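A.B. asks: As a plain string of letters, each chain reads:
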Amino acid sequence: MNNDETTNLPIPPGAPADAGDAAGVDDSGAPPEESRVVFASQWKLMWWRFRKHKLALIGGVIMFIFYIVAAFCEFFAPYDPSTRDVTHILAPPQTIRFVDEDGRFHLRPFVYGYRMEIDSETWRRLYTPDTEDRRPIVFFPRGEPYKLWNLIPMERRLFGLEHGRAYLMGTDQLGRDVLSRTIYGSRISLTIGLIGVLLTFVIGILLGGIAGYFGGITDNVIQRIIEVLICIPHLPLWMALSAALPGHWSALRIYFGITVILSFLGWTGLARVVRGKFLALREEDFVVAARLCGTHETSIIFRHMVPSFLSHIIASATLAVPGMILGETALSFLGIGLRPPVVSWGVLLQQAQNFQVLAMAPWLMYPGLFVIIVVLAFNVLGDGLRDAADPYSD
Amino acid sequence: MKEENIVEVEDLFIRFYRDEGVIKPLNGVSLSIPSGKSVGVVGESGCGKTMTAYALLRILPRGGEIVRGALRFKRKNGETIDLAQLDEKGKTIRQIRGGEIAMIFQEPMTAFSPVHTLYNQISEVLRIHSDMDEEAIRKRVVDLLGHVGIPDPEQRADAYPFEFSGGMRQRAMIAMALASNPRLLIADEPTTALDVTVQAQVLRLIKKIQKEFNLSLMLITHDLGVIAHMVDYVYVMYMGEVVEAAPVGELFENPKHPYTIDLLHSIPKMTGPREELAHIEGTVPHSAALPPGCMFHPRCRKRVGKTCWTREPGMTDLGDGHYVRCFIHSPAESGISRESEDLTYA
Amino acid sequence: MVHFILRRLMVMIPTLVAISMLVFFLIQLPPGDAITSRLAELHAEGAEVSEAQIAALRARFHLDDPMPVQYFRWVTGFLRGDFGYSIVQEQPVNVLVYDRLGYTVLIAISCVLFTWVIGFPIGFYSAIRQYSASDYTFTIIAFLGMATPNFLLALGLMYLGHRYFGTTIGGLFSPEYMGEPFSFGKFVDLLKHLWIPMVVVGMAGTAGLVRVMRANLLDELQKPYVVTARAKGVGSLRLIFKYPVRIAINPFISTIGWMLPMIFSGDAIVGVVLNLPTIGPLLLSSLMTQDMFLAGSLIMIMSTLTVLGTLISDLALAALDPRIRYD
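Chains as they are written, first to last, in numbering that gives the first Met the number 0: chain A, 0 to 393; chain B, 0 to 345; chain C, 0 to 326.
I should point out that these hints are in silico values taken from the structure, not numbers from a laboratory.
Watch out, some of these pointers could steer you wrong.
Within a straight-line C-alpha distance of at most 30 Å, the following computed DSSO-like cross-link-like pairs (lysine-lysine) qualify [to be verified]:
| hint | chain 1 | residue 1 | chain 2 | residue 2 |
| --- | --- | --- | --- | --- |
| 1 | B | Lys75 | B | Lys210 |
| 2 | C | Lys241 | C | Lys222 |
| 3 | B | Lys88 | B | Lys207 |
| 4 | A | Lys276 | C | Lys222 |
| 5 | B | Lys88 | C | Lys241 |
| 6 | B | Lys138 | B | Lys1 |
| 7 | C | Lys222 | A | Lys51 |
| 8 | C | Lys241 | A | Lys43 |
| 9 | C | Lys241 | B | Lys90 |
| 10 | B | Lys206 | B | Lys301 |
| 11 | C | Lys241 | A | Lys53 |
| 12 | B | Lys210 | B | Lys301 |
| 13 | B | Lys207 | B | Lys138 |
| 14 | B | Lys75 | B | Lys138 |
| 15 | B | Lys1 | B | Lys210 |
| 16 | B | Lys1 | B | Lys90 |
| 17 | B | Lys88 | C | Lys222 |
| 18 | B | Lys138 | C | Lys241 |
| 19 | B | Lys36 | B | Lys90 |
| 20 | B | Lys1 | B | Lys207 |
| 21 | C | Lys222 | B | Lys206 |
| 22 | B | Lys75 | B | Lys88 |
| 23 | B | Lys90 | C | Lys191 |
| 24 | B | Lys206 | B | Lys1 |
| 25 | B | Lys88 | B | Lys1 |
| 26 | B | Lys36 | B | Lys210 |
| 27 | B | Lys75 | C | Lys241 |
| 28 | A | Lys43 | A | Lys276 |
| 29 | A | Lys276 | A | Lys51 |
| 30 | B | Lys138 | B | Lys90 |
| 31 | A | Lys276 | A | Lys53 |
| 32 | B | Lys36 | B | Lys207 |
| 33 | B | Lys36 | B | Lys1 |
Computed from a predicted structure; not experimentally measured.
All chains should be built: construct the whole structure from the sequences, respecting the hints.
C.D. replies: Here's what the structure looks like:
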């Protein structure tokens, strides 16, 4: 401890040690440059804050990967989702191996083929790995031709076997590859969340903005509508609405119908956020100042108000996506959402509803694992975005 | 420790270690408060006034550390202890908080819990620091509330804070501070959040109770006008340092530090010819990036040259209790080159 | 306080009216009406239905009255405790719902309690140990809980129960007590079964509550009144419980508002998976058979229960927070 009358302090980083000499200024001259505080833009500050949130960062990366897979699902899925392999009904998942039965290491991963016998009493198929039948996994093999996005004819897929078919996540009751179906399902399940949120976004911002900006009776009416909607349990209402979709509709129309139904209740949360922000910002000094300067109202809204809460809205929207995904999954699981032959995670899980089947083939629950991962990733991502959305707090 | 002092803060350094860097709110503050006297601490926001008070009570916000210095305090039993050495959660400091040093806060709106009655919150002090029975506590709280000028204290004691006006709430806060007969009262901007008309009443009340209870008072404010009528001695702080200290009359008549002079010039005058109000150029630098040399040099109108930003000025004794930290008033050689020691390890 | 209760009751009425209108609209939504689907069913069974019979049925259910009249008759029925008639099942809704309603409420209440009992201490601990290893662990578990669809959890539990214990999880009673009058033995049996739907339906809510409690408490811990209390010399543990926890608990009470809809949603799907004697599975089957009157009544009942639950939590909140009471 130094208890001198005067104190010595370390030179702050960046300050010139002997600024006068270094700058060639004499004793009576100007002082050295002030050490400046760096002013970063709002988005930059948000990024700095978001970056510290490791979980959210991981969530973002996972989401990115999932959407890439969903976008190119034809390429990533090893097989067509509707091809049946009647010789492999309810076959269990194969394990990817590097070491064979004799303990030899293989650089190229492989799976064992199946040996199948039928239980003479229960007539159940019993599958065991056939250690004689080593099947190496190959990357970018030629397979059945397919069309990417129904447009570009292609033959190669991400991986496959040299001979036979690989079922890394097993097969279902019709002998279809669960992995391929899950990958195809991601396209439907993930886009429904995204499109639903987009719709929600539009309705929410519009109604919330109107309520918050005009206030008074308009605000009151919209507020009451929101209150009524949140009193009704979502799933039952969704169920009733989607059960009302005409049975003769095409898969595509049902898809959009379900999306609209999901957004029909989802906008309330977002509208509340927007309204609250509008109400608070209306009184803020910078908005009042802009108004006093004679700035046009639309310009005040879009140049001053919206940018200041856009980040919050993005965070709220991100947090709304999982609700949509879970909603679709639940409806399809119950059999009143999307219907086969459309493949979504909920549709896949519907097979697991039958307990007898599930008891025999627990791998039918795998698509559920993907639901959990995606919802988890969205939640942490949204959480991180929300924390980062307010870079000036703390 | 000098006999007449109740508090001596010596060479106090506080650091916050944050992700974005080390924040340095206090950089060697030394000040003392004589028993039964009132002392003002003045400066712009962010100069470390409140931090000094929090350090005395050892209630620094999370992450704040006293890295150097002493906080000597004379207890009711005559014993002198260094508060800086105490365990922040220990029994001794808890006895001192509220029991021997009490504090009045700036925002009477938020400084009370909104869901507990005033009686509940004020009596808590007595429950902690005395062994009075319920009846005695009730009587004392009602007496105190009446004493600070709350009408109908018997009934109003059971009201919630939001049922009071700002001024009344601040009076209740004063009553709470007085509850256990503290020796030192710290008032942190006690009138800043109040209406101008109420400010004077509250200040008069603080002055009155200080005399009555023979309290030592540390009045923290950015308002020099408040200081003039309230205290005997003034410390002017800038960026976590005391830059000038003087008896109140001397400071107003004969300010020495360029910062003090600027501060005094920025008070509007009620009499005399109209003139443009002076202001201090620039803004207070961020306390994570302290300027080199004299902390005030980037904003100073009277800087003498290179010395000001290469060397740190020491305190110069001008006599009659007047001290100033400026090279104008001391030979440049007295300053200290700031190149040595890193306080992080102090 | 009396004034407050009256005002809240007044607000409730228009809400319920608006919900009933929305639900009535839902009932009318599918193409055709209840008779059409009943006829389709009868045709499928090979029964011949004459024009006269159809007309009689339509007249019996007043299907040819103007919409407002139909709505009015339907909604006033609720006031008399008449929830309508299930055309498909040919029974009054009251009869169909009677038992199920009790179990639904039972599950809802036990879920709320479970959520609080588990959510509160974990949220509290996470907040005062912010950024500690246990905080991170609980945060991850909470996120997992929120991300897992409850029906998947139910399926998982059923599978595990079957695989490792050889039992079938599901229902609220063992087979031997089904249809038996209520007895102590049956009650104990109920408790043995109740915990699974309670955990499954309550899990997402619990996870949400942990987050709410943590965020609220962290918010409150920074408030000036906490500094005041510290400056008074209040010990740290006592301080946290008396002030921030006391205030952070208020939004906790109001969570019933969003938890009840969530619980009913959960029941609607978990009830199907776990085969519970609650409203959920009945709703699904009514929707499958386009028995819209039954479905509408069920949604109306769930919404009314939600509104009532919200009212109760609002009143509890007012009792706890003077600012609301005196507002």
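A.B. asks: Which numbered conditions among the earlier hints are violated in the structure presented, ordered from lowest to highest?
C.D. replies: Per hint list: 3, 6, 8, 10, 11, 12, 23 violated.
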